[in-house]
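K.L.:
Chain residues, written in single-letter form:
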Amino acid sequence: MSALVTRIEVHPFTLEQKKSPMGLTSRFEAYHLQSKTKIPKDVLAEVFVDRITHQLVLDAGQDNVFKKSPSFCVEVSFKPGVTDNTGASAAYGLKSRGFEVEVSSRVVHLFYQDLSLADLKSFSESFLSNPLIQNIKIARASEFFAPERFERADYPQVNLGLTEELVTPFDLAISFAELKKINEERCLAFSDDELHFLQKTFNSEEFKKQRRLQKMPEVLTDVEIEVIAQSWSEHCKHKIFAAEIDYQETPNLPRAIGAKSISGLYPSYIKAATKSCNKDWLISVFSDNAGIVRFDSTLDLCIKVETHNSPSALDPYGGALTGILGVNRDILGTGLGAKPIANMDVFCFAPPSWPDQSVPEMNDFMPKGLMNPRRILEGVHKGVEDGGNKSGIPTVNGAIHFDPDFCGKPLVFVGTVGILPQRLPDGRTSDQKGTKVGDKIVVIGGAVGADGIHGATFSSLELNESSPSTAVQIGDPLTQKRVMDLLLEARDLGLYSGITDNGAGGLSSSLGEMATLTNGARFDLSLCPTKYPGLKPFEIMISESQERMSLSVAPDKVEAFVKLCEARNVASTVLGEFTDTGFLEVFYQTQQVAALDLNFLHKGLPKMKLKARWEGPRARSTWMPMPAKKSLFATPIKDVLLNLLATPNIASKEGLVRQYDHEVQGATRIRPFTGPEGAGPSDAGAIWLGRHGGDINGVIFVSNGLAPRMSLEDPYLMAKWAVDEAVRNCVASGAHLETLCLLDNFCWPDPVASAKNPDGERKLAELVRTCEGLYDLCTLYQTPLVSGKDSMKNDFRGKNRRGDPLQISILPTLLVTAMGRGELSTVTSTEFKSAGDQVFVIGAPSTGLKLSEVSELFELNAEFNFVPNFDGEKNRDLYLALNRLQQAGVIASAHDLSDGGLLVAAAESLMGSDNSFGLELKISQTGSNLYDALLSEGPGRFLVSVSKSNIEEFKNGLQGLTIEQIGSVTTSGALVLNQEFSATRYELLQAFTQEFGR
Amino acid sequence: MKFLILTGEGINCEGESDFVLRQAGAQTKILHVRDLLERPKYLEDFQGLVFPGGFSFGDELGSGQVLALELRHRLQDALQEFLQKPRAVLGICNGFQVLTKLGVLPFKKTDEQSIALARNDHGKFLDQWVELEVNTKSHCHWLQGIEETLSMPMRHGEGRLLLPQNASSEMKKQVQEELWCFRYKKDVNGSFDRIAGITDPSGWVLGIMPHPEAASFRVQSSKQERLTPAQVMEPLPSFALFKSILKALKQT
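From first to last, the protein sequence lines stand for chains A and B. Its first residue numbered 1, the first sequence is counted upward by one per residue in the working numbering. Its first residue numbered 1, the second sequence is counted upward by one per residue in the working numbering.
One chain only, chain A, in its complex shape (with noise of 0.2 angstroms):
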């Protein structure tokens, strides 16, 4: 193509400069534009620049701005094919100008210093991009700013290559040891049993019989082994909870569960739990993207949480991005598509100061290869920061939990609640597909590229130049803003009868699914819009580029569903029609690339056979030398608080969640930090249903609980303190224990063994265990499962960076999310509201500080070295006791008890707080046993708020359940502890917001 490059750049007036590592530094955007035409200034000027802060630079002698003399430059630019957001925005606003224009985007770093090449490098690579997706280009101020960069732009051009084959045969009939080799290099992810399974089914005579007839070629096609191989992976089939588990354990040990057999963890633990539950508001569960629940006349309620964890650590802020809207489209595709008003986002990370910088030889044991914790998190959450501020949908609700053990592999739970009218405006209900035999196919969204292919595998470092980058992804907000906007507006006119978002594995799994609905599909891949030339019909079929729903249309709606599309700026393309045929029928063009039995694709996979064996508590691994630790006992109880308060996990996370939009559509109720001030953190998330058009005084509480520290004791006690610490959050804030239902999302190492992994035995037994604890607290709290998800292999398998060989795995992780039904009346915040209110823990008392907070800061002394105990029956009681009493009126302010126990509980009320209130608590253990009342972590507490005329209502109410006044709400400005301590709320919320600001 004989196509013009210009270069053009945007210099602010003011150049503002930052402080860096690098000693200041500011910057400029620069855009490389490739066109037929040349085009005029002033429409350069009206599309890339605010007049009133920038100017457009075209050529050399303009930059009189850079009259700090720079040093340095680095430029930063995405490879060929990555999204390119700004890019994209130019050349639509270009277009509306009457100009076809390509635009690549790119920011320009200055520094001005005299720094090292080698230095500025790595902290470009480091810190100013990510060299999966980006390139960079460092030079010396004078050279970079030379006239000629005017006159060589260059434009970023995907070259796939010549293809000489469309489709490859894909033959099964060749020696096992070659199959796996080639298992291995094409990322299929089969393991040995499937492929014995495979080589059985597709060399017999009767598939070769059955070939001839479909006038297909005895051989499998490409097309077809990769769509067996998504739509058989584990991300897709969830294997390990199907597989058939042989579960051993050594005799004596605590919690005993007996050796056993158990049919797939799925059926037996989660199914089962959700039956005896016997709600009769679930709706559709099990079956659906999300699950779906009724607590409103004319609402449903569907909730879905997702997990992104190796795109996050490969790309923290794409990964992250691209996980929100996928969960969001996930949402968009229950029943016959839900509006999404709220998003929940839970992080596990390592600890945020690592490596430390004060000392050095930390940096040697770390990861090699992988991000440090801090890049991760700011990239997670500037991610999650678009992703939901972008799409109008408020985040109310998240966590992020830090744990070394998370160097492995960071944990990024993406989450979404929906509404589905109950009716539609043409009668129809929603919860439900009404795909039918000879309804249209289509695609709508945005164009295919050789993005997320296989997803997120080590294929990534194979990239060069000139490839477009295939592991990881940037989402774009506005197609799917678009996207999102024109499917409610087309359910509502009744213009589709069924959906599904295309996640991973493409058109292969969503189509894959769809398909048996009606038992057949027939389809043309010719048809998809690429973003470029030459891309297989394989890579088409498995493409995982974002933004893309699946529909079916009914023939006479297709035309007006196109137009609407066409009205919305939303891409569309008619791909084929659903049948009845039982095969999966994929063309390109006439040739026809894949015919698959679909009763083989989603049913043929045998089951795995596994073993598990859990053999008790086990200690940390020690794969990075700890500092030693200060006793606690030789520590003021003020310094213990204040440490507990700036440590990351308790710390004030305000300067983060802030940079969410948490009341965008103006219903959220309880937002994430509360009080006067909005200085004191949530229990839960509340959105208010009646600016949805639900009930007006109805509301819906979202919380979370996790405990992946208490894995090294008993992943059954994990999974118990994480549905616990959701119910509680939900339940402080109002919400009714009847109407809760709860998610599951499993984060686990690798559970299955091989020589690469000798401990997989034990790694299953944690995850039956916590199965095990799920099932007892889900049917003793009559809670049911309405969703849930696992994400199997999260290690790492490398070396440090000193070159020894490391072997990390993640702390086996279950996530509860829990949301319920309220009402305004019910709704209870955390902080204290008038001073004289008097101040209880309602609760059992609670001991042992085993692998709590403060276990973490000070070393134990041996007394103390037990976990809590844990009494689901009492905690039930005392859960619905508190429901009526705020129903009442009676509770003045509630707050669970978890992280740091009760002393942080009392910090954390005080300072969400009226800045002139204290506290004054009044503990009546001492010496030792005051340690445990401050500091046990004991799950079934709450710390509450009781006005004087209240107290006795408050106390008939909880009757047989243990209540202790621990003090009152004073005027003093102090958290006041006995005669021990009193620390100003200031200093209190100085410890507290240290750590990431306010």
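No lab work stands behind these hints, which were simulated from the structure alone. Heads up, none of these hints are tricks.
Derived coverage of chain A by chain B (criterion: at least 3 residues anywhere in the stretch with Cβ under 8 angstroms from a Cβ of chain B; other residues may be distant):
#1 385-391
#2 558-571
For each label pair, taking beta carbons as the anchor points, the in silico distance ranges come out as:
#3 A:Leu-880 - B:Glu-131: 35 to 43 angstroms
#4 B:Lys-2 - A:His-602: 49 to 57 angstroms
#5 A:Gly-23 - B:Gly-190: 17 to 25 angstroms
#6 A:Ser-916 - B:Glu-170: 43 to 51 angstroms
#7 A:Glu-165 - B:Asp-77: 52 to 60 angstroms
#8 A:Arg-428 - B:Lys-41: 30 to 38 angstroms
#9 A:Gly-693 - B:Lys-2: 15 to 23 angstroms
Bear in mind that the values here come from a model prediction, so they are computed numbers and not experimental data. The beta carbon of each residue, even a glycine, is placed where N, CA and C say it ideally should be.
Given chain A's structure and the hints, the job is docking chain B onto it.
P.N.:
The following block gives chain B in isolation, referenced to the frame of chain A:
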């Protein structure tokens, strides 16, 4: 009174804007921006036009930039005609940014930007409730009978009001004394004179960075107390903005 509320292309506060206007007694229509661009005459049926908050076109290239570009070239005549009459215009957050980029604020132009809403001086998007001082002497039709102080959430990354470097002292004075409607009580983003919202010389156009539509009823209050059914829809002081403009329109 009929209000047109724009949506689409990344706008995302149309629902709550619609909700509050209906509660105030307006008839409303939420219309996709593309439909209006296709048929600008649609505007003639309305007395009010709302540019809600959001991230139009993802706010790439600067907030409001691309939406303003499209409106300037495809809606200019209809918009100018609308602006010449006693008709209400409201831009909230991203809507204010669009009105600024177009030039509708502060001087009712559609082809020349004269002030900017630049990136906050701390560089971050921030969601927090802020106290606003109200210009009780303002001629703005949205501000009649309003309390001296309002409280509502700010939720933006680019809300720092900037005048041009070469702005005349007359212009500065006009903005500082006549056109300003709201001031942050505490500096939150480095805005010129701590200004959070302005009007035009006619008083019919209002641009405001924080979100009054998310702070109009007690259920939306930042005070997260329990509410009896009777308290849920009690108006908060910000609601008076919407009552004020409807009253003013009725008097024309």
